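Chemist: What follows is each chain in one-letter form.
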Amino acid sequence: MNGPHDLGGQMGFGAIALEKDEPYFHAEWEKRALGLTLSCGAFGAWNIDESRHARESIPPASYLSASYYEIWTRALEVLLERHGFTSAEEIASGHRQFDGAAPKRVLKADMVSGVLAKGGPCDRPLDQPARFAVGDRVKTRNFNPTTHTRLPRYARAKVGVIEAVQGSFVFPDDNAHGKGENPQWVYTVVFDGGEIWGEGADPSLTVSIDAWESYLEPV
Amino acid sequence: MPKDIGTLAEDSLLHDDHEHDDHHDHDHHHDHHHDNHYSDMQARVKALETVLTEKGLIDPAAIDVIVDTYQTKVGPRNGARVVAKAWSDPDFAEWLKRDATAAIASLGYTGRQGEHMRAVFNTDETHNLVVCTLCSCYPWSVLGLPPTWYKAPAYRSRAVIDPRGVLSEFGVSLPEEQKIRVWDSTAELRYLVIPQRPEGTEGFSEEQLADLVSRDAMIGAGLAAAPGAAA
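Listed in order, the protein sequences are those of chains H and D.
If you count by my numbering, then the first sequence holds residues 4 to 222, one letter each, in order.
If you count by my numbering, then the second sequence holds residues 4 to 234, one letter each, in order.
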């Protein structure tokens, strides 16, 4: 979707807000928000792509004025309600009101190091060979889906070159919406700055994205 | 004016020594910018944690372990050790180019948001800069949690269109002839920039070299520090 998250090339956000010796957390609640997001992810009820889509579906004015931990928290509330774990009324009241859905697992303290060390690899074996090879020229698709995608707006309908074939990975555009993992080949595609930004582009700039095969057409 | 929690906390810091400070009333007239946002979020997250705990869905002690992991165990020192080894050991550097996930795992750095690693090497010809324009993708296993600026709209919007302008705000000025390559982390690959080894570091141990490698240098928003300067 063309949501507020798709920020590449937008203007008006000002200077980078640098902080010397920035702390990992700026408030206690940010620590809890991190831990809650990871703990609830362990339920096994949704995947990272559905999480990302919940975040980018936050209304633009809210998204752009929120800190990232606030974005995570707002999206987490949506996911918990969508999957039957909690209700908005419960969270407003601050107390349990009903028996909700049962998670596949509850993350206990003694499980944390194992779960974090394992991570969540999303490469998947694929029988069909990669359609493109290193050096091929490709054009990215021009589309505007209302659903989740990882092809940023600035890189749509642009001609680039395949720089690397990175392997086959879960396809987020489907996986975010419960349509299965449907893995595809992923490629690093590099574009000249001028192809992306046109007149006035920095001539020394190249930009790459990592693109799933169905985002690409041969040139 | 009612004080929110943030204001009270700041006041207590400002006035730690107030018994000895005749002028402390001064600060009470400041217009604090601790927005309601933050106190609202404090309450909102507390409510969420309470509900989830009452339902048996989370273990608050697990949250403590997660926070402790990323505050004390998994951070940019991991990445700095990878860089220092790449500078010291050409075979390791080759391995890192060929299979960064395995090479990094050999140093014990694995796991969440580091499952599929790629290392990109700065050269005299090309400087690399990493961004995630769509969210906040970042190589946690080697750099820990991302800084706030990395996740904020200014960096995410500008890095791909005006990287030299962005770098200048970090105090980095590249030679005009050096190309800039921006890596937008749009898939599940996570990028670690291997900065150029500073001159005057011949004979340095890996630990000494790692001291020269800042988090920002491994994002590409900085350079490795010269010996004698703090990383």
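Keep in mind that the hints were calculated from the coordinates and are not lab data.
On a predicted model such as this, the values are computed, not experimentally measured, just so you know.
One thing to keep in mind: the hints can contain errors.
[To be verified] In silico lysine-lysine, DSS-like type, Cα no more than 25 Å apart, as pairs:
no.	chain 1	residue 1	chain 2	residue 2
1	D	Lys-49	D	Lys-100
2	H	Lys-182	H	Lys-107
3	D	Lys-154	D	Lys-49
4	D	Lys-154	H	Lys-111
5	D	Lys-49	H	Lys-107
6	H	Lys-161	D	Lys-182
7	H	Lys-121	H	Lys-107
8	H	Lys-142	D	Lys-76
9	D	Lys-154	H	Lys-23
10	D	Lys-100	H	Lys-111
11	D	Lys-76	H	Lys-121
12	H	Lys-121	H	Lys-111
13	H	Lys-23	D	Lys-100
14	D	Lys-182	H	Lys-121
15	H	Lys-142	H	Lys-121
16	D	Lys-76	D	Lys-154
Chemist: Evaluate each hint against the coordinates.
Modeler: Comparing the hints with the structure gives:
{"no.": "1", "hint": "D:Lys-49 / D:Lys-100", "verdict": "44 Å, violated"}
{"no.": "2", "hint": "H:Lys-182 / H:Lys-107", "verdict": "20 Å, holds"}
{"no.": "3", "hint": "D:Lys-154 / D:Lys-49", "verdict": "23 Å, holds"}
{"no.": "4", "hint": "D:Lys-154 / H:Lys-111", "verdict": "28 Å, violated"}
{"no.": "5", "hint": "D:Lys-49 / H:Lys-107", "verdict": "24 Å, holds"}
{"no.": "6", "hint": "H:Lys-161 / D:Lys-182", "verdict": "20 Å, holds"}
{"no.": "7", "hint": "H:Lys-121 / H:Lys-107", "verdict": "17 Å, holds"}
{"no.": "8", "hint": "H:Lys-142 / D:Lys-76", "verdict": "43 Å, violated"}
{"no.": "9", "hint": "D:Lys-154 / H:Lys-23", "verdict": "16 Å, holds"}
{"no.": "10", "hint": "D:Lys-100 / H:Lys-111", "verdict": "37 Å, violated"}
{"no.": "11", "hint": "D:Lys-76 / H:Lys-121", "verdict": "16 Å, holds"}
{"no.": "12", "hint": "H:Lys-121 / H:Lys-111", "verdict": "15 Å, holds"}
{"no.": "13", "hint": "H:Lys-23 / D:Lys-100", "verdict": "32 Å, violated"}
{"no.": "14", "hint": "D:Lys-182 / H:Lys-121", "verdict": "37 Å, violated"}
{"no.": "15", "hint": "H:Lys-142 / H:Lys-121", "verdict": "36 Å, violated"}
{"no.": "16", "hint": "D:Lys-76 / D:Lys-154", "verdict": "21 Å, holds"}
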